[in-house]
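Chemist: The chain contents come next:
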Amino acid sequence: MNNAPAVEVTGLVKNYGKVEALRGIDLSVGTGEMFALLGPNGAGKTTLFSILCTLRTPTAGTARVLGRDVVVEREATRRDIGIVFQEPAIERTLTVRDNLRLMGQLYGLDSAGVNRRTEELLKELNLTEAADRSAQKLSGGQRRRVELARALVTDPKVLFLDEATLGLDVEARRGFWKQVRELTKTGRTIVFATHYMEEAEVADRIAMMSEGKIVALDTPRNLKSRLGGGVIRLHTADDAKAREWLVARGYQPAPEVQTIMLEQKDPAAIVPILLREMPVAVERVEIHAPSLEDVFVKITGRGLADETPKAAATRAPWGGRP
Amino acid sequence: MKGIRAIIALDMKRFFQEPMRLIPGLMQPLLYLFVLGSGLGSSMGKMPAGNDYRGFIFPGVITMSLLFTSTFAGISIVFDRQIGFFKAVLVAPVSRSAIAFGKVVAGALQALLQGMILLFVLPLVNLHPDLENVALLIPAMILASLTFSAMGVALASRFTSTNVFPIVINTVVLPMFFMSGAMYPLQPAPGWMQKLAHLDPVAYAVDLIRGALLGREHMFFSPWLAITVLSAVVVVLTWSAVRVFSRGEEVDLTGASKFPWRR
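Chains as they are written, first to last, in this note's numbering: chain A, 1 to 322; chain B, 1001 to 1263.
Honestly, the hints are just simulated from the structure, not real lab data. Just so it is clear, CB atoms sit at the ideal spot from N, CA and C, and this is done for glycine as well. Don't take each hint at face value.
Stated by the list, open to error - Restricting the straight-line Cα-Cα distance to at most 30 Å, the calculated cross-link-like pairs of lysine-lysine (DSSO-like) are:
hint, chain 1, residue 1, chain 2, residue 2
1, B, K1087, A, K178
2, B, K1087, A, K123
3, B, K1013, B, K1002
4, B, K1087, A, K213
5, B, K1002, A, K157
6, B, K1087, A, K157
7, A, K123, B, K1013
8, A, K137, B, K1087
9, B, K1002, A, K123
10, A, K185, A, K157
11, A, K137, B, K1013
12, A, K185, B, K1087
13, A, K157, A, K123
14, B, K1087, A, K18
To be verified - Computed spacing ranges between beta-carbons, pair by pair:
hint, chain 1, residue 1, chain 2, residue 2, range
15, A, D218, B, T1160, 32 to 42 Å
16, B, F1016, A, E198, 39 to 49 Å
17, A, E119, B, L1131, 42 to 52 Å
18, B, F1079, A, D110, 28 to 38 Å
19, A, V72, B, R1158, 23 to 33 Å
20, A, G11, B, N1163, 35 to 45 Å
21, B, N1163, A, G140, 26 to 36 Å
22, B, L1030, A, T184, 57 to 67 Å
23, A, E119, B, T1160, 31 to 41 Å
Put together the whole structure using the sequences plus the hints.
Modeler: This is how it looks when you write it as structure tokens:
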């Protein structure tokens, strides 16, 4: 049992009626690992989490947390995990301290234990000053830290974070991840879902998800090394025409909607040629080292910002992109 | 057991955080009592056993306050499940029966508190209950609150959309209140109304509270029947909510990514 992976998922399938949210997921997360699920909205990350944290049952396949089947041993699993949801799960009208104390009571800590753990967490997460303010009066960053504290009340061995930094500015996000990084030092396993590639970068390993499947699973470095050299992005006056021309010339632009992306061994040498010879006006050129997003685009033909066609179909045509 | 305590503590803390919530809960019963009661009462003469109309409907008005406060407290789970601490409760190692039972008790407590405040109005409607009346009244109110709260929790466990609030109130709770004999005596009512009242838990609650306050001779049902029916409703509905909570599956607990996100 001690050698069991922190999270082990085999052949996991989840259907909601006709919608296939998860289409056969296999993954294994080691103890003490920081593991990211990276993918656009609708990829199935939240569904996977809700199965792992015992709120849903899979249609097929098994999921184990610390060696225990999450369906068969729900109660024991619940004791071992902490989760930060996408949506707020703290009581707005109550103070930070009351929120944490209630959580401790819920997990059956005695009153001395509740007090001790609450004060520990307030200190650890830098919330002492805000402790007696009601949650609705906190800044976004503080509020997410309270969510984190809430998930940590029982000192869980496995922590799930589902888009935990949603709606935070860059500064607050950086602070949040620094805090999370600290948590792995004590051997805690962290599995988090995100669609921000720079967040996934801090993970030991990343599983890229798209449309209910894992399309790539590796360390950030190995994932990026799948693209040799560099990436050129072009914004032109007529992308369709430019794309046509590139293909005719033997280039292989990635099938992305918004910009034209070219993966090249020596991008700096190619750009002048393109600028000189292309029959359309080039408005903007970017050259950069391959990012996780480039890898994702290369594998799925879709950007992280793009929604799956399914998710997009349910929304207004202009609603997808900010 | 600790789980139950935490769930009750959460709701009571929230309740006391916003004492203003008491005002609408008290306004409605007082309007019924003093505006409707005085208006109708003046053209109605004496009610059975010589009470004036306001005195007669007082138990009904208390029941109304208990009914709306506790069902609403129960139904608020629907909202809590989407946002708020209750989401965290569902992933905690607390038995689902503790969650359902805790919610039922918490809703009942909030309702009782409001109901107790209404008792201060008693002298204004010329009711002067003795100690025996009060000793019967309190347990009757407790049982009624538990019944209504269980109704709310059982309903809430079956809905995932907060849009159903007004629908549930208008199509379930309001008709139950009107059929209950809260505002009129059931004894002289038409046969079909009496039959319907037999199916209406609110009618038993009104009757029990009326019997406790005004005397047993004012009751439509037998007190033991009322107590049995109400207790059965509490048990059955709480149990049905437990079943839904432990299934956990069909209910949209976390939902797929509902929030629009941006880079």
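Chemist: Now look at each hint and say whether the structure bears it out.
Modeler: We went through each hint and held it up to the structure:
1. Among the hinted pairs, B:K1087 with A:K178 is consistent with the structure: their alpha-carbon atoms are about 26 Å apart, no more than 30 Å.
2. This hinted pair checks out: B:K1087 and A:K123 have alpha carbons roughly 25 Å apart, not beyond 30 Å.
3. Between B:K1013 and B:K1002 the CA atoms are separated by roughly 16 Å; this keeps the pair inside 30 Å, and the hint holds.
4. Distance hint between B:K1087 and A:K213 is fulfilled; the C-alpha atoms sit about 27 Å from each other, no more than 30 Å.
5. Taken as a hint, the B:K1002 and A:K157 pair is honoured in the structure, with Cα atoms around 22 Å apart against an allowance of 30 Å.
6. Of the pairs offered as hints, the one joining B:K1087 and A:K157 holds, with about 20 Å between alpha carbons and a cut-off of 30 Å not exceeded.
7. With a C-alpha separation of about 24 Å, the suggested pairing of A:K123 with B:K1013 holds against the 30 Å cut-off.
8. For the proposed pair A:K137 and B:K1087, the alpha carbon gap of about 20 Å is at most 30 Å, so the pair holds.
9. Only pairs whose Cα atoms come within 30 Å are accepted, and B:K1002 paired with A:K123 is accepted, the gap being roughly 26 Å.
10. As the CA atoms of A:K185 and A:K157 are separated by approximately 12 Å, the hinted pair is consistent with the 30 Å bound.
11. Pair hint A:K137 plus B:K1013 holds up; C-alpha atoms about 17 Å apart against a cutoff of 30 Å.
12. For a cut-off of 30 Å, the pair hint linking A:K185 to B:K1087 stands: about 28 Å separates their Cα positions.
13. As the CA atoms of A:K157 and A:K123 are separated by approximately 20 Å, the hinted pair is consistent with the 30 Å bound.
14. Simply put, B:K1087 and A:K18 have alpha-carbon atoms about 26 Å apart, close enough for the 30 Å limit, and the pair holds.
15. A C-beta distance of roughly 38 Å is found between A:D218 and B:T1160, which places it inside the suggested range of 32 to 42 Å.
16. Checking the proposed 39 to 49 Å range against B:F1016 and A:E198 shows it holds: the Cβ atoms sit about 44 Å from each other.
17. The given range of 42 to 52 Å is respected by A:E119 and B:L1131, whose C-beta atoms sit roughly 48 Å from each other.
18. In this structure the hint that B:F1079 and A:D110 lie 28 to 38 Å apart at CB holds, the actual value being about 31 Å.
19. Look at A:V72 against B:R1158: about 26 Å separates their beta carbons, and that is inside 23 to 33 Å.
20. For A:G11 paired with B:N1163, a C-beta distance near 37 Å keeps the hint of 35 to 45 Å intact.
21. Against the hinted window of 26 to 36 Å, the Cβ-Cβ separation of B:N1163 and A:G140 comes to about 28 Å, which satisfies the hint.
22. Between B:L1030 and A:T184 the CB atoms are about 58 Å apart, so this pair conforms to the stated range of 57 to 67 Å.
23. For A:E119 paired with B:T1160, a C-beta distance near 37 Å keeps the hint of 31 to 41 Å intact.
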